[in-house]
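Protein chains in written order, with the numbering used here: chain A, 1 to 116; chain B, 1 to 114.
Hints may be right or wrong, so weigh each one.
[Unchecked claim] The following residues of chain A were derived to be distant from chain B, with all beta-carbon distances above 10 Å: (1) Ser9; (2) Pro18; (3) Glu71; (4) Phe106.
[Stated by the list, open to error] Computed list of lysine-lysine pairs in DSS-like fashion (alpha-carbon distance at most 27 Å, straight line): (5) B:Lys14 x B:Lys71; (6) B:Lys9 x B:Lys83; (7) A:Lys42 x B:Lys57; (8) B:Lys9 x A:Lys42; (9) B:Lys70 x A:Lys42.
Calculated from the structure, these hints are not laboratory results.
Note that beta-carbon positions come from the ideal geometry of N, C-alpha and C, so glycine has one too.
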Amino acid sequence: AQSVTQLDSHVSVSEGTPVLLRCNYSSSYSPSLFWYVQHPNKGLQLLLKYTSAATLVKGINGFEAEFKKSETSFHLTKPSAHMSDAAEYFCVVFDGASGGSYIPTFGRGTSLIVHP
Amino acid sequence: DGGITQSPKYLFRKEGQNVTLSCEQNLNHDAMYWYRQDPGQGLRLIYYSQIVNDFQKGDIAEGYSVSREKKESFPLTVTSAQKNPTAFYLCASSPRLAGGWEQYFGPGTRLTVT
């Protein structure tokens, strides 16, 4: 079975400081992992995805995430926050590529707040 | 431009009325999904479809119905049996159901029932 836990419901940072959004997963297979971003009253947009290639994945808008199998983590980082990064972020696990569930599992989301 | 469209963006209905939310995609994707989003609860899967004329219940299908008569279209009907229908509804698609594909999301429909 697959599951995902986003360890913080809210993260607050100042503009220009680093961002860390934490995600732990559980999967009986080799999972695919995704981060999506959602701005208020909008749909979700893919930030980046890991599908068993390089463990450090670079995404859009300067975000990146590192797949750590030993820690079952896929934390999202950005060196310097921008006001436009304020949004809801979702971590998603999916082990359907390797024989598990056909349906992705979403975390509950982390709200990123950026202060000027 | 390829993408997913949902209409309308905002929808208001009286209690006891059925309402249908539209979802169309021109990405030639086989799989389509409907999610419900409530504050602090993330996304919850209502129904999904991997191919035309086939669909499966998700985690919270009670009070909802869908159809998949065309590859491009996956409308969701919120029936009067749904006890708490006010929510933000998101439609998504992916090339296939299995295989680790990412999902592409529409802009959402906010439904308010009073």
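Here is what the structure says about each hint:
{"no.": "1", "hint": "Ser9", "verdict": "violated (7 Å)"}
{"no.": "2", "hint": "Pro18", "verdict": "holds (25 Å)"}
{"no.": "3", "hint": "Glu71", "verdict": "holds (21 Å)"}
{"no.": "4", "hint": "Phe106", "verdict": "violated (5 Å)"}
{"no.": "5", "hint": "B:Lys14 x B:Lys71", "verdict": "violated (31 Å)"}
{"no.": "6", "hint": "B:Lys9 x B:Lys83", "verdict": "holds (22 Å)"}
{"no.": "7", "hint": "A:Lys42 x B:Lys57", "verdict": "holds (25 Å)"}
{"no.": "8", "hint": "B:Lys9 x A:Lys42", "verdict": "holds (10 Å)"}
{"no.": "9", "hint": "B:Lys70 x A:Lys42", "verdict": "holds (25 Å)"}
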